[in-house]
Amino acid sequence: MTMKNPQLLLSMETRRKIMPYLLIAPVIIYYFIFWLFPVINSVIGSFKDIEDQWTLSNYIYIFKDPVFYQSVINTGILVVFSVTVEFLLAFGLALLINIKFKGSSVFLFLAMIPMALPAVAVGAIWTSGFATRGWLNSFLMTFGFIDDAGKFLFLAGGKYASMLLIIIVDAWQVIPFVMIILLAGLQGIGNDMKEAGYIFGGSRFQVLRKIIIPMLKPTITTAMILRIISAIQIWLIIVMIFGFNRIPVLLEQVVLNVDELGSEFFLRIGMALSVIVALIVSLVAILYLKVSGSFEKKDGDSE
Amino acid sequence: MNNSIKRNIFRSARLTSLYIVVAGIALIIIFPLFFLFSFSFMSDYETYSEWPKPLVPSVKAEFMIDKDSEGYHLYIYNKSKKDFAGFGPISFNNSETDLTKLSKYIKIQANCKISIEDINSYLSIVDRDGEIRFSARKDLFANYILFFQVTRDAGPSVLRSLMVALFTILISLSIGGMAGYAFARYFFKGKNILKIGVLFVRMFPAVSIAIPMVIILAKMGLTDKPLGLSLVYAVGQISMSIWVTASVFMSIPVSLEEAALIFGTNRIGAFWHITLPLALPGLAACAMYAFIGSWNEVISAIVLTQFNPTFPVVVYKALIRSQSQVNLITAGSITQALPAIIFTLIIRKYILQMWGGVKV
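First to last, the protein sequences are chains G and C.
Per this note's numbering, the first sequence starts with residue 1, numbered consecutively.
Per this note's numbering, the second sequence starts with residue 1, numbered consecutively.
A short list of chain C residues far from chain G (calculated; beta carbon distances all over 10 Å):
no. : residue
1   : D44
2   : T100
3   : F148
4   : P253
No more than 25 Å apart at the CA atoms, straight line, and that leaves these computed lysine-lysine pairs for DSS-like:
no. : chain 1 : residue 1 : chain 2 : residue 2
5   : C       : K81       : C       : K107
6   : C       : K195      : G       : K217
7   : G       : K100      : C       : K349
8   : G       : K102      : C       : K349
9   : C       : K195      : G       : K17
10  : C       : K82       : G       : K151
11  : C       : K189      : G       : K17
12  : C       : K79       : C       : K107
13  : C       : K113      : C       : K60
14  : C       : K191      : G       : K290
15  : G       : K194      : C       : K6
16  : C       : K113      : C       : K67
17  : G       : K217      : G       : K194
18  : G       : K194      : G       : K210
19  : C       : K219      : G       : K48
20  : G       : K151      : C       : K79
21  : C       : K195      : G       : K290
22  : G       : K217      : C       : K191
23  : C       : K60       : C       : K101
24  : G       : K100      : C       : K6
25  : G       : K64       : G       : K159
26  : G       : K102      : C       : K6
27  : G       : K290      : G       : K210
28  : C       : K107      : C       : K67
29  : C       : K82       : C       : K113
30  : C       : K189      : G       : K217
31  : G       : K290      : C       : K189
32  : C       : K107      : C       : K60
33  : G       : K100      : G       : K217
34  : C       : K191      : G       : K17
35  : C       : K81       : G       : K151
Derived DEER-like restraints, expressed as beta-carbon distance ranges:
no. : chain 1 : residue 1 : chain 2 : residue 2 : range
36  : C       : F307      : G       : G76       : 36 to 42 Å
37  : C       : V21       : G       : I29       : 45 to 51 Å
38  : C       : N8        : G       : L96       : 18 to 24 Å
39  : C       : F34       : G       : K159      : 27 to 33 Å
40  : G       : I213      : C       : K189      : 28 to 34 Å
I should point out that these hints are in silico values taken from the structure, not numbers from a laboratory.
C-beta: ideal position from N, C-alpha, C; glycine also.
With the hints as constraints, model all of the structure from the sequences given.
Written as structure tokens, this is what we have:
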């Protein structure tokens, strides 16, 4: 490419320097007004009592509350299990169906339905399914797999059975979403790379480990980070199936305090809790990015 | 020779296992959806008095009336028991009040419309023959109709929800798209930090942003208005849009824009005439994604609306407090899910492009 006018080149050079900042400015301004301002308000609010005096009592209240620790543990268990299980399954499935096959577009549509469903619908599906007299038991009985005495007590089960159900329901809704992200990434890897791996005598597993996974790493990081952020903030589906306070999780407690209990005192507790949640989410996300090495790239590095 | 046979066998085995896996996943996805759909067409009687519950809704109900010294008795055919079972009042006579009650009861419990005149004529046959069996067509959409009667504000709230979704798409796509373009095309200081930074916005629980937002929106005069709500939704959607649009723009070769520059257009012209048309499918997918996000959101909407709730809030409030009626809840949730599913149908072609080059 030859430029006829050196002056134009120069002005374009300066323009190229300013342009990205101009393009990003609206986002920064928007986030200053509609994110940073409310967040600062929330943080300040969490350090004040009902009489508007500075205090730590909201945090002390939370740290003295056994339900808080329970919700931290529950959230932790749910995040660890659901994120790993969902990722491994989604990755395996994406590898398997990474070929254009007949009906792949219909399949893609099907896979996207669960993530498009509102929580009310997901809740309705599984409360009506996991009820002792729900469709799952009805189905099993109609086809003779169980008899009336052998009904599964899905929702009436203990705490760990309930957690397992939550993980299953979450996986049902989320695996397709993760799979689609990974599938999109896989399709970006050219066949020639894989073939080169095979030509040099690599086994299928070696090609997967040495070529596909490293090339897919950015996509994996994206999928994982989005999943971790939303997995820690899981609550609505739990409330839809079990109601408030059966299986306490962090964000459910935030909503409970902010929205359901509806007094100034609990509002401030909710704000303090959400500050804690935000800290936990950021910490985990940064930890993940550190471990996965995403910070190693320098600024202005090319993609 | 031997090798090629081996390869052929391997390939067909792989294809077969692929189809088995695909069919398996499809089944796991469809199975629960099928019951959601199925329940929404069932009557109260089908969902609560039959055990095991029917797997598919029936299109008609069968009744029987007989008579003894206490009066007439009504029975309904119970498919799970394979026999007629007592239905409604223990006994009734052919007075106007009894028949009105009966007709209403049949309508509510079995979703069948049987007029008083019809019952009267049936009763005269019972007087003559001792009993009568008759069937009535079930009103399949009764739950949906009831749902819209229960949620009185449903119509206007759908309109409001659509407006909220539209504003959210406009805000997040324009602001996010600009930044996404910058991330895709330029190298600048702080790029990586910024790109991860916009994701951190999603880490503060949205509910807790909604509460201070009440004050900000009040100052702007946007309290309880669709635009106010979409300003809040856009916070999360913008960061998503940035990531998605960045990947979309990255997938379009810079050389195309440069070629346009050589031919004498300026950068804006090149973007407008070359990049934008090519990016349109991906941007459309991104827009639909924002639509789904804003259409399904409940909790910030509960905090931020008062007299003008969005459709999900109306559904949530109508259904969640009345946990008992499964068939009504399923009808309501299908009504809410339908627009999102239709939009999914539209974006499915573009979804892979949308996630194409996403990178941290």
